[in-house]
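Two chains, two frames, some hints: make the complex.
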Amino acid sequence: MTAVESSTTYDVARIREDFPILGRRLSGDLPLVYLDSANTSQKPQQVVDAIADHYAQHNANVARAMHQLGAEATAAFELGRDKVAAFIGAPSRDEVVYAKNASEALNLVARVLGDAGRIGPGDEVVITEMEHHSNIVPWQQVTQRTGATLRWFGVTDEGRLDLDDIDTLITERTKVVSLTWVSNMLGTINPLDVVIAKAHSVGALVVVDASQAVPQIPVDVAALGADFVVFTGHKLLGPTGIGVLWGRYDLLAELPPFLGGGEMIETVTMERSTYAAPPSRFEAGTPPIAQSVGLGAAIDYLSAIGMQNVAAHEQAITAYALGAMQEIDGLTVVGPKEAVMRGGAVSFTLDGIHPHDVSQLLDSRGVAVRAGHHCAKPAHLRFGVQSTTRASFYLYTTEQEIDVLVEALHHTKKYFGS
Amino acid sequence: MNVDSLYQEIILDHYKHPHGSGLREPFEAEVHHVNPTCGDEVTLRVHLDGETVSDVSYAAEGCSISQASVSVLNDLIVGRSVDEGMAVLDSFTELMQGKGKVEPDEDVLEDGIAFAGVAQFPARVKCALLGWMAWKDAVSQALVTSSSSDPAITGDPT
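Note that the protein sequences, when read in sequence, are chains A and B.
Its first residue numbered 1, the first sequence is counted upward by one per residue in the numbering used here.
Its first residue numbered 1, the second sequence is counted upward by one per residue in the numbering used here.
Rather than coming from a laboratory, the hints here were simulated on the basis of the structure.
A virtual CB, placed ideally from N, CA and C, is assigned to each residue, including glycine.
Residues from chain A that keep clear of chain B, each with C-beta distances beyond 10 Å, as calculated:
1. G23
2. A86
3. P91
4. G225
5. A276
6. V404
Here are the simulated BS3-like cross-link-like pairs (lysine-lysine), alpha carbons at most 30 Å apart as the crow flies:
7. B:K126 <-> A:K414
8. B:K136 <-> A:K377
9. B:K126 <-> A:K377
10. B:K126 <-> A:K100
11. A:K413 <-> B:K16
12. A:K414 <-> B:K99
13. B:K99 <-> A:K413
14. B:K16 <-> A:K414
15. A:K377 <-> A:K337
16. A:K377 <-> B:K16
Next comes chain B alone, as it looks inside the complex (with noise of 0.2 Å):
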């Protein structure tokens, strides 16, 4: 296994100038993750303005593919609906965990195609999936959040 297959170029990109980073408002949710068997973390918020994931904003400790990962994850997913946003969200999972046997698809994953050879790595997937992770939860609980606060939905006598 190549050390190179791991990190490519698009990698250290991302992992040096990170898009999207700091942690910024307004939010629906908020959410921290770590892994504990390293260390790294990443605290995570999202707004939804309706059903379109207008922002995702993070402030991440960690290694370069976990850096590297929530960046991408910023790239793809702010602009799109929840629905779109969690079909990237198994697509991107489906190739970390397809052991390097999984063809991404680039018009799918745009420059998370570049994460098929931390598939080869096993212990570097954590990584590589901390911040989606995070950002699973994270729009599970908005969407609870946005909900409850519709008085149509919920019925509060308002």
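Bound conformation, chain A alone (with noise of 0.2 Å):
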């Protein structure tokens, strides 16, 4: 599949119909131009329908109502779970566990293989430079509390991954090996084959943070090879509050749970209790039921489009963007300039001006996008900078958009007077 055989059918137009928020006018009558979609994505009126119907048509408690309606919000909150196993390869749907968001499912690998002493005083973890904070946080934390230590990739002037260390840094030693699919920040796709190749052959474990990834790309986690994958639903067209983890059943099945409560459990006596197989281990309390039905929906509507037409329109979305906005004198892309082996997430500096008054004065032309650290402080340290302004783009946003965002940094740059 190339860009120019799906452009012949890809139809944004029809798509934007779909998304009842992009035809917003904002303040001053204003179309909306959104362009923070790394942030959150915006949702179709089938994701917004399939959760009005699930609470006004099936809502009741899964897993513990035997009356009809906890019978069928059961049936539909794990169609939902069968819909992500379907959409990320998975081999068995009891590998796709879910978790209120990435930051949580990463948290919750973290944590559990720290208990099950997969992680201990003289062990090493690896992570990158360029990582969100949700997975570098989680293993300060567990390298931390088990005596093991932190070691990271760099990060080269381009933006990509160095990989010039790898035989140092993925040593004997290391027990996992953590790292983003797509940078957030600066939009790289990282070459995951050779790094968990590498990881592999040393006998360590492999998480990937496909937060970025999932929304954009055809994702196999079978195919791919990790040990570990996570993302979020609201990232993907679906609502917030639910996050996948999806893990290889053997893994599942021997590491400890993670929160204690309701659902997880076997059996429970006031002494002790035993735990339930996965993925019920992990997910403690009343699940997210409603998000699972929201995802499916999401899922739904991405599969019917087809994941290798979404990722093509991201890719020509990007290198026009990419284009455009490196001819504005003083706009520097912080991250790769090409629409290489990237993602539709572009973060730039623009002299003299900073990245909360870029934003500020896009705002006031309509047009939405991040400023600040993107929750990824040590890839800006890196650059050396303290903020950035991003743009990010999905399967809605249209080139006519990208010349009102480049209009309005001409403005910017007007307004301030640089």
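Put into structure tokens, the structure is as follows:
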């Protein structure tokens, strides 16, 4: 599938009709230009309707109510899990664990690997300098708690993972390698195959933060070969409040629970408890029921369009944006400057104008972007900047919206006199 | 909401030509405050001469609102007593948290009245308050430092 082939069939105008919010007018009767999808995606009517229908017609708690509504809610909830499993190529639905978001899923993995003694004194955990804070802090916590050492890959000037040190970083001491698939700040797509092969050659487990990948590119976890993959629903056209941990079943089966409570037990006495099999073992309490229904609807929506087509559009719109934005004097893209092995998040600086002021001026033109450190302070430090402005794209982004962004950036420069 | 009500000419002037920026000695207290959501930061020093704030020096990195705000703070606070400074802080904080409904007193806030428009942009209020919260922290620490270095108060057996 090439971008050229897909562009003949990909109808972005038709897709936009499914997203009511994209038709909104902002203050000053300006049309919304939503370029913040790496932060959270917008939701198609189909997802909104699925959630509303669930609450309106089928609402009950799951796996414990014997009545008809309980059976309907349980079936709908578990159907969402089936859809997630199929969407990411999971060999078994029992490998799909729900969390509240990707951060919680990463915390879950880090915590239980520590509790299981898979990370201990003298061991090493390897991450990268381009990680989101949610793939840094849990590993700092578990290594500090267990007496292990945290190490990390650097990033090249171009914004790529620096693999020069791979043989000294990933060694017999390495127990876990955790890295992002697509950087939320730089946009970089990492060569996971190289890292996974090296990690497995020394017996280390590989955790992949796929929060920015699953929404943009076709994912097959079985083919990928990682041991754990996490992502979140709300960047994937789904609702907030639901994240996914996919893990190899044999690993999940030997790991201890994360949170304790209802649903995660086999039996409980006052002295002790035994635990349910995965995925329930890792899902204490009432799960995200309507969210699973909504995520299932989002996956249906994306599958109908085809993730190959979504990826081709993302690639094409990112190439267009990188070209148009880099013609602006004083604008510097932080991250790969061409749309090669690259996702649809473009972070940049504009000489002499702070990102908050850039985003405020863009907002005054109806353009929604993110400004700040994007929960990736070490990656910003690597490039000597405190913060950046980030425009990010998705299946509904048009070239015309990029043109509005560029025009608004020129306006911003004029406004601040630089 | 018009963005021009946020970016008053006075604010942009202070941003481009900040008053009293740079870190200077002497000082009794230095604090470093960060806005964790956006990463803006300020290092701020306070020098007291008795009851008088004789210098507020700072190094700040952040947006125009946070930079201009600390510049205005320097104008308003230096040369005043600690109590007067605290009163100005209260007045500025009230304006910022007033959601655009508080009428600023120009006699008290001088150039600070230009920040009235910021109060209508909730996401930017914390930018405007960053330097002021740092000053409040620093002056409290400076008061402790100056009192504990006074043997008459601490009762050090010198």
